[in-house]
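Fit chains C, Y and U to the known structure of chain Z by using the hints.
4 protein chains.
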Amino acid sequence: MLVQFSIVPLGRGESIGGQVAKVLDLVDGSGLPYRLTAMGTIVEGEWDEVMALIGACHREALTGAPRALTTIIIDDRPGKADRITEKIRSVEKRLGRELRK
Amino acid sequence: MLVQFSIVPLGRGESIGGQVAKVLDLVDGSGLPYRLTAMGTIVEGEWDEVMALIGACHREALTGAPRALTTIIIDDRPGKADRITEKIRSVEKRLGRELRK
Amino acid sequence: MLVQFSIVPLGRGESIGGQVAKVLDLVDGSGLPYRLTAMGTIVEGEWDEVMALIGACHREALTGAPRALTTIIIDDRPGKADRITEKIRSVEKRLGRELRK
Amino acid sequence: MLVQFSIVPLGRGESIGGQVAKVLDLVDGSGLPYRLTAMGTIVEGEWDEVMALIGACHREALTGAPRALTTIIIDDRPGKADRITEKIRSVEKRLGRELRK
Numbered sequence: 172m173l174v175q176f177s178i179v180p181l182g183r184g185e186s187i188g189g190q191v192a193k194v195l196d197l198v199d200g201s202g203l204p205y206r207l208t209a210m211g212t213i214v215e216g217e218w219d220e221v222m223a224l225i226g227a228c229h230r231e232a233l234t235g236a237p238r239a240l241t242t243i244i245i246d247d248r249p250g251k252a253d254r255i256t257e258k259i260r261s262v263e264k265r266l267g268r269e270l271r272k
Numbered sequence: 172m173l174v175q176f177s178i179v180p181l182g183r184g185e186s187i188g189g190q191v192a193k194v195l196d197l198v199d200g201s202g203l204p205y206r207l208t209a210m211g212t213i214v215e216g217e218w219d220e221v222m223a224l225i226g227a228c229h230r231e232a233l234t235g236a237p238r239a240l241t242t243i244i245i246d247d248r249p250g251k252a253d254r255i256t257e258k259i260r261s262v263e264k265r266l267g268r269e270l271r272k
Numbered sequence: 172m173l174v175q176f177s178i179v180p181l182g183r184g185e186s187i188g189g190q191v192a193k194v195l196d197l198v199d200g201s202g203l204p205y206r207l208t209a210m211g212t213i214v215e216g217e218w219d220e221v222m223a224l225i226g227a228c229h230r231e232a233l234t235g236a237p238r239a240l241t242t243i244i245i246d247d248r249p250g251k252a253d254r255i256t257e258k259i260r261s262v263e264k265r266l267g268r269e270l271r272k
Numbered sequence: 172m173l174v175q176f177s178i179v180p181l182g183r184g185e186s187i188g189g190q191v192a193k194v195l196d197l198v199d200g201s202g203l204p205y206r207l208t209a210m211g212t213i214v215e216g217e218w219d220e221v222m223a224l225i226g227a228c229h230r231e232a233l234t235g236a237p238r239a240l241t242t243i244i245i246d247d248r249p250g251k252a253d254r255i256t257e258k259i260r261s262v263e264k265r266l267g268r269e270l271r272k
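Protein chains in written order, with the working numbering: chain Z, 172 to 272; chain C, 172 to 272; chain Y, 172 to 272; chain U, 172 to 272.
Be a bit skeptical, because a hint or two may be false.
It does not matter which identical chain is meant; a pair holds if it fits inside one copy or across any two.
Unchecked claim - BS3-like, lysine-lysine: derived pairs with alpha carbons at most 30 Å apart:
{"hint": "1", "residue 1": "Lys264", "residue 2": "Lys251"}
{"hint": "2", "residue 1": "Lys272", "residue 2": "Lys251"}
{"hint": "3", "residue 1": "Lys193", "residue 2": "Lys272"}
FYI, nobody ran anything at the bench for these hints, they're computed from the structure. Keep in mind that this is a model prediction, so the values were computed, not measured.
So here's chain Z without its partners, still in its complex pose (with noise of 0.2 Å):
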C-alpha cells in the first residue's frame, strides 16, 4: 500500500525542519521505497512495516514536543506493485508529456 505521513509536533515553534531530518533518517533506515514532498513522506509497504516505521517516527516527535498531530492517508490496492512510481507515470502517459518532479 501506499502512505502518505507528516507529523507536526506542537509545543516548539513554527520551524520544524530538524524533526523532518529526523523523521527522514528513520524512513531511509528502514529499507521501504519512498519520497519526501514539500508536503510530507510517501512510503510503500505493508500494513504492520509502515505502521512500525510511523509510530517510531510518531515517538521520535514526542521525545522533543509536548504534543504531536500526525496525518496518515492510505491508498491501498491490492495486487498492484511499485505504485509510488507507477501513479505518476500512468498519468504523464495519459497527458502525453513528463511533468516536472
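This is chains C, Y and U only, laid out in the frame that chain Z set:
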C-alpha cells in the same frame, strides 16, 4: 491519543453506509471509547490498540472492494486523559455555552 | 456539501483551545449548520460560503501565529440535503440502535 | 501558501487516472507552480487563486460522478516564498545529501 479515521472503499458505488455500519461494529467490539461523526469515527486509546483496530476496519473494507482509501488523523498529548469529551467541554467553557451535539 | 476543517496555529505553544473558541465564533456567526467534534468542525453549505468562512478562520489564526496548518475534507453529494444529521441517522438505522453523541 | 489537494470521485470504479489527468490540465492552465506526487497535487499561491483552482477541479470531478471527496491540506507561512522547492532543499541541507525525486 485521540484518533479520527475514515475508510472509503473504491469501486463499489457512491453509497458506503453499509461499510460504515460494519466498521462501527468492529469499533464497538474493541471496547475503546468512540464517537461517530458525519465525517468519520473518533476513537481514544494507545497507538497499538488503535492501529490494530483501524487495520482490521481497513482489511474489512478490502473484502468487498478492490481499493480502499483510509485517512487517519492523530492528536497525541501524553498525560492528558479522556480527551474525547474534555476537548469539547473546554471549548464550551471558554464560549460560556453548550454546543449542539 | 459537508466539510470538516481544523486549523492549527504553529509557534504559539501546544494548547490551542483559545484559537478553537475564536473559530467557533466565526462559524456560529456564519449561520451555517455546524457541529464541533473532538477533532475539528463540521459545517454544511455551498462551496463559496463554506470556503469564505474557512478562509476567515484561517486568517484569524494567522493574526496570532507565524504559521498555520489547515486541513479541509469535503464530502460533496449534490442533491442530498441535511447530511450533517442524515449521515449518522442512516448508520443508526442500519445498526438498529442509537449512537452516543 | 503551500497546498496539497486530492479529489476522489465516488461511484465510477476504482481507477481514477483519467480524473487525475483532467485535474492536471486545469492546474497546468492556472499558471501556478505545482508538483504531482503519488498521493496528490501540490500547488503554491494565494488563498483566492488556489481555492478557485481547487473548486474548478472539484466541480470537474462531479461532472462524471455522483459524489466527490476532496482533501485539502494548507501550510501557510506568510513571508516565506518559493516553499514548493525550498522545504525539500532545506531538509536536504540538514541531511547533507540529495533525496530521490
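Here's how the hints hold up against the structure:
no. : hint            : verdict
1   : Lys264 / Lys251 : within (18 Å within a copy, 34 Å between copies)
2   : Lys272 / Lys251 : both (23 Å within a copy, 21 Å between copies)
3   : Lys193 / Lys272 : both (23 Å within a copy, 19 Å between copies)
Taken one by one, the earlier hints all hold for this structure without exception.
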